[in-house]
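If you're matching them up, the sequences are chains A, B, C and D in order.
Take the first sequence: its position 257, counted from the start at 1, is 256 in numbering that gives the first Met the number 0, and no numbers get skipped.
Take the second sequence: its position 15, counted from the start at 1, is 14 in numbering that gives the first Met the number 0, and no numbers get skipped.
Take the third sequence: its position 362, counted from the start at 1, is 361 in numbering that gives the first Met the number 0, and no numbers get skipped.
Take the fourth sequence: its position 231, counted from the start at 1, is 230 in numbering that gives the first Met the number 0, and no numbers get skipped.
Treat the hints as calculated values from the structure; they're not laboratory data.
There may be inaccurate statements among the hints.
[Claimed, not checked] Short derived list, chain D residues pointing at chain B, Cβ under 7 angstroms:
#1 Glu56
#2 Val90
#3 Lys92
#4 Leu119
#5 Pro147
#6 His148
#7 Val275
#8 Asp278
#9 Ile280
#10 Ile284
#11 Thr297
#12 Thr302
#13 Trp303
#14 Val368
We put the CB at the ideal spot given by N, CA and C, even for glycine.
There are 4 protein chains.
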Amino acid sequence: MNSVYDAIIVGGGVIGGSIAFQLAKRGKRVLVLEKDRLAGKASSAAAGMLGAQAELEADDPLFTLANRSRGMFPALEKELKESSGVDIELVNKGMLKVALTNEQAAGLQNKIKTQQAAGLEAEWLTAADIRKAEPLLANALKGAMYIPHDGQVSAAKLALAFTKSAEELGVEIKEFVEVCDFLTENGVITGVVTTVGEFSSENVIVAGGAWSAFLLEKAGINLVTHPVKGECFSVLTNRPLIEKTIFSDGCYLVPKIGGRIIVGATVKPNTFNQQVSIDGIATLIEKATRLLPAIKGTEWEKTWAGIRPQTGDGLPYFGEHPACKGLFIATGHFRNGILLSPITGVLMADMVEGKPNQEWSAFRLDRSVQPIFS
Amino acid sequence: MNSVYDAIIVGGGVIGGSIAFQLAKRGKRVLVLEKDRLAGKASSAAAGMLGAQAELEADDPLFTLANRSRGMFPALEKELKESSGVDIELVNKGMLKVALTNEQAAGLQNKIKTQQAAGLEAEWLTAADIRKAEPLLANALKGAMYIPHDGQVSAAKLALAFTKSAEELGVEIKEFVEVCDFLTENGVITGVVTTVGEFSSENVIVAGGAWSAFLLEKAGINLVTHPVKGECFSVLTNRPLIEKTIFSDGCYLVPKIGGRIIVGATVKPNTFNQQVSIDGIATLIEKATRLLPAIKGTEWEKTWAGIRPQTGDGLPYFGEHPACKGLFIATGHFRNGILLSPITGVLMADMVEGKPNQEWSAFRLDRSVQPIFS
Amino acid sequence: MNSVYDAIIVGGGVIGGSIAFQLAKRGKRVLVLEKDRLAGKASSAAAGMLGAQAELEADDPLFTLANRSRGMFPALEKELKESSGVDIELVNKGMLKVALTNEQAAGLQNKIKTQQAAGLEAEWLTAADIRKAEPLLANALKGAMYIPHDGQVSAAKLALAFTKSAEELGVEIKEFVEVCDFLTENGVITGVVTTVGEFSSENVIVAGGAWSAFLLEKAGINLVTHPVKGECFSVLTNRPLIEKTIFSDGCYLVPKIGGRIIVGATVKPNTFNQQVSIDGIATLIEKATRLLPAIKGTEWEKTWAGIRPQTGDGLPYFGEHPACKGLFIATGHFRNGILLSPITGVLMADMVEGKPNQEWSAFRLDRSVQPIFS
Amino acid sequence: MNSVYDAIIVGGGVIGGSIAFQLAKRGKRVLVLEKDRLAGKASSAAAGMLGAQAELEADDPLFTLANRSRGMFPALEKELKESSGVDIELVNKGMLKVALTNEQAAGLQNKIKTQQAAGLEAEWLTAADIRKAEPLLANALKGAMYIPHDGQVSAAKLALAFTKSAEELGVEIKEFVEVCDFLTENGVITGVVTTVGEFSSENVIVAGGAWSAFLLEKAGINLVTHPVKGECFSVLTNRPLIEKTIFSDGCYLVPKIGGRIIVGATVKPNTFNQQVSIDGIATLIEKATRLLPAIKGTEWEKTWAGIRPQTGDGLPYFGEHPACKGLFIATGHFRNGILLSPITGVLMADMVEGKPNQEWSAFRLDRSVQPIFS
């Protein structure tokens, strides 16, 4: 098989799906290659928080990008529902980043000021305010940063909506096809070698999450990325216990549509092993109960884990291979893959179309980074 | 436990959920008792077709009711999404009731005329028209009745949306609680006896689907109902093969959001056994392939079965026990439980509030019916 | 349908299966009626401990019976494997009933003496002995009662082996058939009424576990039984962490074949709700970790719950209805249903054949018992 | 991580497990690396037939090997049960290779003669004989080759028994670790590079099934192998419909312990896609029903698919890399991986220990083979 595509995307997760969708909207003929099932790894494991303000500091190079990406969700929700029928279950009821200690409280109050100065909405809730906003949260909380615009979506539905919308626009998707190598001629990409043959294209975008690094080595790129396991569990409630997403150091509670709360996530570096440990679950239950004692009475649903791609400096990689024209990379989203997927799609489509942007320089592949885990 | 409720609903399926939702909207304090999990039986097994015109003849006493219920879905979709967050996945792309023989074609053309005379939209598609509207359908089709307003929803999502919305309005729901008997005083209901104690109310509504009859026998009502098993399977497609629901004698194909097609359903009377037989699957595959040859290339997903409550004359039972004031029944929806759930909720809430309606006389409990299966 | 059977067994769990197997071996024509799937409730939820000495005191009327039943397993393992092919996964490596406090230690040492006096094997292990026998157990243990003959089986496999062996011997089994009422004539049973019609027999044995009581009420028997939920979870290990079953107050660890450890079980009375709570899981993880710290590193597998039938005095009911000849009952096995299933099968077969036994008088239906839970 | 092992086995399926078990029995320190879950691919998908005589012709170089491997199962069953507790569910009730046409009948009669001449047991059953042996088989069968010693096992249990037994003997197993490359020095293997670091050993055995080829390319070996998908489904029966395995062109029926019949398997070359198609299921149902009409009344259980490694000449590859000392390969077992696993384990352990054997020359890596699928 030797078809010609305008672009081949390696990876059928939420990042690959978003890029495919954007390229297809621009009239490109696109092929997506996924080595297993679509959205079968981190994309489906994510809790779907859009914590642009909660997760990042205002001076982080990713901050502006993350906020811009978050802002794309309301329009995207409508667009994807229309093109694919899939509801991404966007919930826009805000996030509470809570303080369990006075020190954390001071830190959050500082963070609020900086973000307000940057023109973003955030406010301090006292313990009394919290009791009014979320009466079932623990009394011991010292206060919280309330972020009205950090919403959440269904990660699996978002990934599905991207790929179904892409398919509606003509994108071809092949599951269970693994890319083994790249084809190049004189420093220019010409296609990929896969487990079922070769496919030709002058543009190949690697969006393989934590698995990207191994593939890229074949093209002579040695990106510093770490696979970081995150374990989660979910519970089912009758009437909702919380309305907003609750975020604290080491534990978040995301109230999903239909009565589910997702509790996440541990941070276990340097492993691709997707098994869930008793240790991880015990820690999460303990932390969740400290935030929301009423969770003890809910129904256990299930556990899972995902492997997230972390980089040496915490920033994703967006860029073209310096020595191989047409080979693009979008990985290293760590815990923000869902949040960053809309902007990543647009950005990578721009790159493929030759519209690079100075703004992205912080994410270029050849920046100098150090491993963060030994 | 001995609380007082304005109404107790026995059955946590789509009918019980709809009634609970309507009663709660009217300010009633409601308790729903479900012997297993919510929507665990026929409500989740249904394909979700809203075939008011496809399934019924214009002179059927249910016809007007069914069309009115179908008409409630667009507003309900918004209302339920707002109150519960749940998208019921209403798809309004119409239905094709196809003819495989000239005889069927003549019958359908007749049906179209009668329905047009009754003021409803329906039109005849020739084989050539079909090829334009649904190019992958079999060439052998003789034509089809096109019904633009017979849509479809996700049955499981609809049931979830009803119960979540009801809970938001204060309805109490208990799963794994089985009603063993009724409490009455001088021909007036006063409550129910369950596996975990008694609950008091002056209104008890039995909405237990095929399981209703056994419970009602305890109250001296001998309704003629038959449990009828329907077996289904589903496939997954990449790009959609069909846009509209395809309906033929003994087989329908319902294209769901996200790339799934539900193929249903067999009709196996007089059993509560929810096992799926090889025979049933073989028959469905054969019929589905005759309608849509391209289905052969799709991915197998899964099988399931549901037990639907059929009555002796094919009409549901809506009414109050003639000898027990306050004991209401809503069952016998057979293959139209999803379609009829909105109107059933309103109707039963009216009855509980003492607003009976002449229109419902065809469905009263004491009408004379004969068993249809021996 | 109106066939004549020598006996009808109501309940397709491990007790019903054992009775069916024994009756079939004696040449009886037997029908088993199960309202859902075979062994779908407590029989499959059990951890399969055969804790005759661990669970019971020497002066308990059940003690002798339990030890006799335990002794039947080795022969049964061979017999069932031969007739059904199913391996019940009997593991005979003993049990450690551990002491976490000095008080528990004293109690166990006493228990050992009493049991030794009764001629049974049991011995005291010091903390040092434990470290030799099970090096990964917690250092804090004060000692343990070692019971070499309290083994364990796969509960689900045992139930399957009974029913498959029974079927090989000609027993007829119907799933998804619920018994609604009994047929009697002049105080003699003549059959049962079910959701799919009547079945005739002069012997009906109710073996419905926690669900037996509601059925029996119809026959005028008011047994004092309580449904008691037990929640469990399981983990997967590579090399085994423990060899013997570890038993302590409120938590046991059962090392199953193939690398699974079952951790159980909570005790939540008066509910038929089979949902697992976060609370229950948190408690079990805490207790399991206190016994076996290394369990923290294992892989989470799953959770489940079962509803066990407890009686007012803790003893099962074995007997014939005093006012209805031919109606037999075998229920109330609480946490010992797996252990007691072999002897229950023999005992009930004896009763049906009119061979009552003075020994069973402690378990007769008309003894006086008080509710233990309010 | 940089430990030293006597051997590293790449692949945790039934072949890797058998090799690990044999090496461990010889006192070797072994590491097994599996990129996903143990036995997660073809090993668990297999129906477990031991069709040494049914699948192969007497003049096939594999014939003797296959019969020797089959003969190892009874002893292996006991050995594995003892060391791991796992019952591999060996059923030794023979196989019927049936003829649907007179031509097939003639072919089978010929096959019987050849095999009898080779000293193996096999006999011709007439249609009447078949009716006695397996009364529910179709009347239309022309006769069958009865092979008393072609038994069957549970493939998943066999794989589990190998790895658990290996672990008991000290073998270390790592799941979710993918081998990316080999380490060599002067044409001698020194270890492997994986997704979580390097591991050292002077012996590396690749047993990765259909996935082996891609890995081996890195070591400069270009084996002609094809991934061939096989789709299956299973049904559940009450009393057994058949006792023996039924084998025909394009369809087999394997009656498993506990009431399951596995129906397999399609042959779809050149794909790693493990999805099951409607087409495949439809074909299997049709063929199964032609052999065993009564299967129509059984209960549908589930479907699955596995990817089997086929080679250009149909023979497996057993051998050492001609240019890289210490790098061994065992793959290409196609539909006979379960059957050949015992002998493969012994053979590869011999090779690692430097005990090559003239007998294996037919399977050496450098033989000349042609692709069979274009």
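How the hints compare with the structure:
At a threshold of 7 angstroms, the smallest CB-CB gap from Glu56 of chain D to chain B is about 33 angstroms, leaving the interface hint violated. Checking Val90 of chain D against chain B: minimum C-beta separation of about 22 angstroms lies over 7 angstroms; hint violated. The criterion of a C-beta within 7 angstroms of any C-beta in chain B is not met by Lys92 of chain D, whose closest approach is roughly 23 angstroms, and the hint is violated. With a cut of 7 angstroms, the hint placing Leu119 of chain D at the interface with chain B is violated, because the nearest CB-to-CB distance is about 35 angstroms.
The closest approach between the C-beta of Pro147 of chain D and any C-beta of chain B is roughly 29 angstroms, which is over the 7 angstroms cut-off, so the hint fails. Look at His148 of chain D: its Cβ only gets to about 30 angstroms from chain B, farther than 7 angstroms, so that hint breaks. Evaluation of the Val275 of chain D hint against chain B yields a held restraint, the C-beta minimum of about 4 angstroms falling below 7 angstroms. Interface restraint check: Asp278 of chain D against chain B, minimum CB-CB distance 4 angstroms, threshold 7 angstroms, status holds.
Annotation: Ile280 of chain D was flagged as interfacial toward chain B, and the flag holds, the nearest CB pair being 6 angstroms apart, inside 7 angstroms. The interface hint given for Ile284 of chain D is met, as the beta carbon of that residue sits about 5 angstroms from the closest beta carbon of chain B, less than 7 angstroms. At its closest, the beta carbon of Thr297 of chain D sits 5 angstroms from a beta carbon of chain B; the interface hint therefore holds under the 7 angstroms criterion. Taking 7 angstroms as the C-beta contact cut-off toward chain B, the hint placing Thr302 of chain D at the interface holds, the least distance being around 5 angstroms.
Residue-level restraint check for Trp303 of chain D is violated (minimum Cβ-Cβ distance to chain B is 10 angstroms; threshold 7 angstroms). Hint on Val368 of chain D is violated. Least Cβ distance to chain B is approximately 31 angstroms, over the 7 angstroms limit.
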